[in-house]
Every structure is written in structure tokens, then in C-alpha cells.
Amino acid sequence: MPELAYGGPPRDRPRDLRTSYLRDVQQRRLYSGLLFAILALLLISGFTLADERNAGGFWDGLAKLFDFPTELIAEAFEKSANLPVHLLHYLPSLLETVNIAAASTLIGALLATMLSLLATRGLARWPVLIPLFRRAMDIMRAVPEVVIALVLIFVLGGGPVAAMIAIAFHTTGALGKLFSEVNENADLRPVEGLTSVGSTWLQRMWFAVVPQVAPNYLSYGLMRFEINIRASAILGFVGSGGIGYDLKNAMSWGTGRYDEVAAIFILLLGTIIAVDQLSSLARNRLVRGTL
Amino acid sequence: MTLAAPSPDLRAEALGLFARKRLFALGVPLLVLAYFAYIFVSFDMAGLAGRARPDNARILLSDTVSFKTHVTRDNRTGVISAAIEGEAKGKYPDGAVPDWVTLYGTDADVRLDDGTTVKFRGETVTVAVPDYGSVVLRSAGGDIEMTLPGEGVPDWISASATRVSLTMPAGRVQVTRSKSEVFRYEAGWELFFFTLDSPFYGRSLGDLAALAVSADPVVPGKANIVAMAEDFWTNKMWRHSDVAWALFETVLMAFLGTVGAGLIALPLAFLAASNFTPGRWIRFGFRRVFDFLRGVDGLIWTLILSRAFGPGPMTGALAILLTDTGSFGKMFSEALENVDDRQIEGVQSTGANTLQRHRFGVMPQIMPVLLSQLLYYFESNTRSATVIGAIVGGGIGLLLTQAISTQKDWEEVSYYIVLIVLMVMAMDALSGWVRRLLIRGNADGR
Numbered sequence: 001m002p003e004l005a006y007g008g009p010p011r012d013r014p015r016d017l018r019t020s021y022l023r024d025v026q027q028r029r030l031y032s033g034l035l036f037a038i039l040a041l042l043l044i045s046g047f048t049l050a051d052e053r054n055a056g057g058f059w060d061g062l063a064k065l066f067d068f069p070t071e072l073i074a075e076a077f078e079k080s081a082n083l084p085v086h087l088l089h090y091l092p093s094l095l096e097t098v099n100i101a102a103a104s105t106l107i108g109a110l111l112a113t114m115l116s117l118l119a120t121r122g123l124a125r126w127p128v129l130i131p132l133f134r135r136a137m138d139i140m141r142a143v144p145e146v147v148i149a150l151v152l153i154f155v156l157g158g159g160p161v162a163a164m165i166a167i168a169f170h171t172t173g174a175l176g177k178l179f180s181e182v183n184e185n186a187d188l189r190p191v192e193g194l195t196s197v198g199s200t201w202l203q204r205m206w207f208a209v210v211p212q213v214a215p216n217y218l219s220y221g222l223m224r225f226e227i228n229i230r231a232s233a234i235l236g237f238v239g240s241g242g243i244g245y246d247l248k249n250a251m252s253w254g255t256g257r258y259d260e261v262a263a264i265f266i267l268l269l270g271t272i273i274a275v276d277q278l279s280s281l282a283r284n285r286l287v288r289g290t291l
Numbered sequence: 001m002t003l004a005a006p007s008p009d010l011r012a013e014a015l016g017l018f019a020r021k022r023l024f025a026l027g028v029p030l031l032v033l034a035y036f037a038y039i040f041v042s043f044d045m046a047g048l049a050g051r052a053r054p055d056n057a058r059i060l061l062s063d064t065v066s067f068k069t070h071v072t073r074d075n076r077t078g079v080i081s082a083a084i085e086g087e088a089k090g091k092y093p094d095g096a097v098p099d100w101v102t103l104y105g106t107d108a109d110v111r112l113d114d115g116t117t118v119k120f121r122g123e124t125v126t127v128a129v130p131d132y133g134s135v136v137l138r139s140a141g142g143d144i145e146m147t148l149p150g151e152g153v154p155d156w157i158s159a160s161a162t163r164v165s166l167t168m169p170a171g172r173v174q175v176t177r178s179k180s181e182v183f184r185y186e187a188g189w190e191l192f193f194f195t196l197d198s199p200f201y202g203r204s205l206g207d208l209a210a211l212a213v214s215a216d217p218v219v220p221g222k223a224n225i226v227a228m229a230e231d232f233w234t235n236k237m238w239r240h241s242d243v244a245w246a247l248f249e250t251v252l253m254a255f256l257g258t259v260g261a262g263l264i265a266l267p268l269a270f271l272a273a274s275n276f277t278p279g280r281w282i283r284f285g286f287r288r289v290f291d292f293l294r295g296v297d298g299l300i301w302t303l304i305l306s307r308a309f310g311p312g313p314m315t316g317a318l319a320i321l322l323t324d325t326g327s328f329g330k331m332f333s334e335a336l337e338n339v340d341d342r343q344i345e346g347v348q349s350t351g352a353n354t355l356q357r358h359r360f361g362v363m364p365q366i367m368p369v370l371l372s373q374l375l376y377y378f379e380s381n382t383r384s385a386t387v388i389g390a391i392v393g394g395g396i397g398l399l400l401t402q403a404i405s406t407q408k409d410w411e412e413v414s415y416y417i418v419l420i421v422l423m424v425m426a427m428d429a430l431s432g433w434v435r436r437l438l439i440r441g442n443a444d445g446r
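From first to last, the protein sequence lines stand for chains P and Y.
Here my numbering is used: the first residue of the first sequence is 1, the next is one more, and so on.
Here my numbering is used: the first residue of the second sequence is 1, the next is one more, and so on.
It should be emphasised that the hints constitute simulated quantities derived from the structure, not laboratory data.
Some clues are possibly wrong.
One-sided excerpt, in silico: chain Y residues whose CB lies under 7 Å from chain P [as the list claims (entries may be wrong)]: (1) 299; (2) 307; (3) 313; (4) 339; (5) 404; (6) 408.
Straight-line C-alpha distance at most 30 Å; calculated DSSO-like pairs for lysine-lysine [what the hints assert, rightly or not]: (7) Y:68 - Y:236; (8) P:64 - Y:330; (9) Y:330 - P:177.
What follows is a list of derived Cβ distance ranges for each label pair [what the hints assert, rightly or not]: (10) P:210 - Y:44: 31 to 39 Å; (11) Y:207 - P:64: 51 to 59 Å; (12) P:122 - Y:154: 21 to 29 Å; (13) Y:208 - P:53: 31 to 39 Å; (14) P:207 - Y:154: 54 to 62 Å; (15) P:63 - Y:285: 23 to 31 Å; (16) P:274 - Y:405: 33 to 41 Å; (17) P:135 - Y:30: 31 to 39 Å; (18) P:39 - Y:57: 55 to 63 Å.
None of the values given here were measured: they were computed from a predicted structure.
Just so you know, even glycine gets a beta-carbon here, dropped at the ideal spot from N, CA and C.
Working from the sequences, and respecting the hints, build out all of it.
Structure, rendered in C-alpha cells:
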């Protein structure tokens, strides 16, 4: 790095400075080169390995890559008259997917608020238990939604509730971590003020902390909502309600019925893009502080 | 006082502000509550109790912490055999039974932990239940005859003409026309280390440790520790080698997807950044490409790609790669737009060409952002790869869905879940460690 030229140890004489700099640069280049070589090697061997384990080869697949999209678009055009009907037909499923995402984000955010407040130094109700709550959030964050969803489908029988609980669980952990970072930057003076007038912990949190952190919470919550819409669509595909489930069924009907797949793709794409745009708009406004 | 007297409209304004805040503070929770009420109705939570299957939850939990051994009498051949979880892989060799079973040729006594004994005598099964008495079941010919010690059938016995089942705390007895079976529950995961055909099965930890260091081999021609490792690795019941491979495959998908996407997105990001690409339309085009890759969700990419490439880890890796190329392209181009021009000018003043300017003027500035995003995504993609694996059929996601769909290997499901959580946490720790290493390395100027 260039700044090395100025930051060399003072014991170096000017003549040695140049050689030591060049030596350092060479060493650094060697390391970087080695690192890149290892990375490239890993990447190439990884792809070869994955290619071997795959049912279809990479080059064969590449030739067929556009077969399905072409078929899909061709069929959608051919039966474009049906498209509005399909769009209307799948609207309730789309609503369910969005509802799963929204409800799980809300539940997750509420739980994350509680957990993160309990896990922040200076705010925690029981400071001794801070590590416990932190570990709990770490574990909740590490559990992929699909794991809980699959188990809950077995216990609760399919439907949106399994997906909602699964996503809410992961969201609690993910948002909890972000929220506790926000909490750490909260000003403690309002909290002390409320403590001095004898308020309870809940009152302190609600009146002194929440107003400070709410804009950041909201911004993170919106970002999570975007992610959760995608997650809820995927979970539907694995078996719990919403538009993902319809997509799976429509796919399994095969050639000739792809107009319905196209309709679902359009709905899903439109929703994801719309929510992305709206939430980034709202987040920009939140960050600039004009609610 | 006259000086400090607030003007009436300032007062009104303040009161109005308070009123609005109060409305907000009350209104938002009310709205949330109303939304939950709507969700409650729309998701039919009231009907959930009817649809939920608590017995499934009980099976899941009891299977997770315990295993069952089946002792089965085939009513056609009269042969009695024992098998762990009733699977062929866990079957005791012919003539061998666990120590709580006593075999007398084609008859047998089975003892359960709560003091219940089950006697197989030809076609007759006698179950002696403590504090209740003996239940005699005969499955000769057609229907099953049941003789109870008292009046009425207790609720832990379900009986029909073709099937009688007794559920007790320590086990279950089930008699049908074709076979009579005893299920005995025990805590733990049996055969986790060694299966019944291994010479190391059933030995204590101390015993195994002594064997591992002892010189005389149990399996001729192999050191004991090697034989142990082999038997563990090729365990047919828990398939440790397959599981390890599946975990590796999941991480591989995440690695290939993340690093591949980073390598593709970096050059493209230059073309989408306003300070490197003056052409407005080129920039616009590349930005829309990124939006498209990101917007077409991972699910849709997975479906399209699995049509072309078939199921497997490469399909999953490519699906992650496509989605993340969009995300990385957007983030990298934003990072590029924020670079400091002075550093580039400095490099330029030494007569550097475009490539050198980028290498020495730009890359050092964006490298930390780039690497930390890459590492963050690697961790999150390990989780995605589990889900994508469940759809495309690769990695631990596939094993998990397979184990769940059999609806009986719940101890394996729990095992996989624990492994997945550990894997994600390990990736999280690893990416955090590398990130700290790189940031500290940069601060030191190395």
C-alpha cells in the first residue's frame, strides 16, 4: 500500500527504506497473488465438482437455458386472452403471501424489540441475562426458515400459519441483532431522567428509548419486509400456502399450462419490485428524518 | 410575566402537536392490533386447533429424545426377530436379541421398563401390566380375541377385530393378523456411532478408548482406531459420510454463488457507475440488468435453471450467483460512485494508464466494502442454499426434506436441524473472523 512509504519504522535509514519498502510490496504481492490463486483454484475445482454432482451438465444446460423461458413466454402470448383471468385468480394467493410476510415481519419486529432491549447494556432489565438473550438471538438468526416451516407443516398441517411462525422466528433473530446495534447508540439521558421520577422499566423503554430508535427500527423493518416477501414465496413452494404453492402446482402441470406460470411470475415480480421501490422510498425519507 | 407569556397560537400549536403525537402513539398500536385481528381471521387461526395434529408433535418430540426397538413375531412363519426402529439396517442378526428379551425357540419373553412383561406363546400374546392384570390376545385364524382382566376396555387399549394396540409409558404392544409386535422405548439415539454389525457396538466409552490405544486389532489387519473411524463413517443408519458430504455441498453452493457473483459483478459495476462510465444509456442498461437479476427472485431463477441444468448443487450455485450478481452490482457501483477522486488523480499523475489507475487508485478504496459485503452474503447464502437445496435437490436441504417426508425418522430430522444451525453459526463466525482479520490487516498497512 502506498502509505507504507511514509509509515516505515524510524530505525530504517533512507537507503534501507527503499529496499524494505520494495521487499514489503513484493511480499504483499506474493500473498495477494497466492490468495487469488487459491481462490481461483477453489472456484474452478468447486464448479467442476458441483458440475459432476449435478444431474445435467453445465454446457448441455447452457444450451437449454432459454428453452423454458421461451416456451413460457410463447405460451403466455398465445393465450394472452386468459392472462387477466389468471392474474385475478391468483390475486388471493398473492395477498396471502404478502400477509405472511407482513405478519411475520410485525411479530418478528415486536419480539426483536423486546429481545434487543433486554440484550443491550445500559438498558437491559436483567443485566446478568444479557449473554443469554444474545445467544438466543444468534440461534434464532441461524435457523433457516425452511427448517421450521417443514417441521410445523407436519405438526400444524399446511397453511400460512406454519410459514408465518417460521419466518417470524428467523426475523426475530435477524432484526434483534440490528436493533441492538441501534439501541447501543441511543442517548441514555432520557432513560436516567425517567428513572429519577420512579418509572418502571417498560415506561422507560416506551417513553425514553423507543422514540429515539423508532426511525431506524422502521427502516430495518421495511428492509426485512422485502426479504420476507421472497422468503414467504419460497416457503409456499416447499408446501405452506400462498402463491409459491400455486406456482408449484402450475409448474407440475407441465407444457400447455405455462400461461398460469407466467401469470404467477408476473404477479410475483410485480409485487417484489413494487415493495422494493416503495420501501426504499420510505427508507430514504426515514433516513433524512422527514416522517 | 408579560415577556414570557406565550402567544395563544403558539400554545394551540403545541397542544395540537401533543394531540397528534398522542393520536399517533395510540393509533399505531391499534392499527397493528387490527391487522393481527384480520390475520387471525384470514389465516383461520380458530380452525387451526382442528387442523393441528398434537399427536404428530408428540411423535416428533419423543422420537427426537428416544428410540424404539421392535420385537416382532411374524404370524405366518412364527419367527421372532428384533430390529431397532423396525428398520432392516437396524435388525439384530438371526437368533440374537437385546438382553431384555428371552428367546425360547419360537417363544419369547419381553420385559419393559415399567415392569410390564409380554409373553409370546405361539399364537397367543399375554401382556402382564402392573396394577392392572393380564391381557391375553389370540390371533389364531381370523379375528383377534382379547381377554381383559376386568370389565370394560380402558382408554389406553384400542381394539378392533383386526387390530389391537396397547399403549403404555415404556412401550406399545400391537397385534394384527399378520404380526404381533412390541415396541420398547429407550432414551438416546441408538446406533449413532456404530451399527449392530460393527464389533464396536455396545461398548462403553472407556472400553472404546482402551481399544483405540490397544495393540491387538479387533478387526484383523487394521488398527483399532482406523476400524472405528471406518465403522463410524460408513454407519448405515445415520449415514455420517453422506451427511458430511451434504453439508459440504451446501457450503459449496453458497461459496460458488457468492464468489462467482462477486467476480462477475465487479467489472460490470464499473460500467454502471456514473464516474467511470460517461455513457448515460450504457449505465442505465447495466443498472436495469442488475435490477432485473435482483427482482426476478431466487425462487424463479431456481425454477428456470433447474429446467435447464437438472437437479443438483450446480443449479443451486447458479441460482445464488444470478440473484447476487444483481445485488452486488448495485452495491459495488454505489461504492464506486463514492470513491475519492484525489487518490485516482494521484496515481494518474505518475503516468498510470487506465488499468493501473483502477488497480492502484480505485481498488484499494473499495476493497474493504467489497470484501465485507462478500463475507456477509456468504453467511446469509449458506442459509439460502439450504432452502434452495430443498427445491433443487442438493445438499443438506435435500436430506432434510427426505427425512421429513418419510415421517418417521424424526431423530434424523432433529440431527440435521442441529447440524444446519451449527453450520450457519460456524459460517457466521468464520466470516466475522475473516472480516476482522482483513480490517485489522488494512489498518496495519499490510
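The hints, checked one at a time:
Restraint check, residue 299 of chain Y versus chain P: the minimum CB separation of about 5 Å is within 7 Å; hint holds. Hint status for residue 307 of chain Y: holds, given a least beta-carbon distance of 4 Å to chain P, under 7 Å. Interface restraint check: residue 313 of chain Y against chain P, minimum CB-CB distance 4 Å, threshold 7 Å, status holds. With 7 Å as the threshold, the beta carbon of residue 339 of chain Y stays out of range of chain P, its nearest partner Cβ sitting at about 15 Å, so the hint is violated.
Here the hint on residue 404 of chain Y is kept, as its CB sits about 5 Å from the closest CB of chain P, short of 7 Å. Hint on residue 408 of chain Y is violated. Least Cβ distance to chain P is approximately 11 Å, over the 7 Å limit. For the suggested pair residue 68 of chain Y and residue 236 of chain Y, the alpha carbons sit about 17 Å apart, so the restraint of at most 30 Å is met. For a cut-off of 30 Å, the pair hint linking residue 64 of chain P to residue 330 of chain Y stands: about 28 Å separates their Cα positions.
The hinted pair formed by residue 330 of chain Y and residue 177 of chain P meets the criterion: a straight-line CA distance of about 24 Å does not exceed 30 Å. Judged by the Cβ atoms, the range 31 to 39 Å given for residue 210 of chain P and residue 44 of chain Y holds: they are separated by roughly 33 Å. Distance hint for residue 207 of chain Y and residue 64 of chain P: a CB-CB separation of about 57 Å, consistent with the stated range 51 to 59 Å. Against the hinted window of 21 to 29 Å, the Cβ-Cβ separation of residue 122 of chain P and residue 154 of chain Y comes to about 59 Å, which falls outside the hint.
For residue 208 of chain Y paired with residue 53 of chain P, a C-beta distance near 34 Å keeps the hint of 31 to 39 Å intact. At roughly 59 Å, the beta-carbon separation of residue 207 of chain P and residue 154 of chain Y lies within the given 54 to 62 Å, and the hint holds. Restraint check, residue 63 of chain P to residue 285 of chain Y: a C-beta distance of roughly 25 Å satisfies the suggested window 23 to 31 Å. The beta-carbon spacing between residue 274 of chain P and residue 405 of chain Y, approximately 35 Å, falls within the hinted interval of 33 to 41 Å.
Against the hinted window of 31 to 39 Å, the Cβ-Cβ separation of residue 135 of chain P and residue 30 of chain Y comes to about 35 Å, which satisfies the hint. With their beta carbons about 46 Å apart, residue 39 of chain P and residue 57 of chain Y fall outside the hinted range of 55 to 63 Å.
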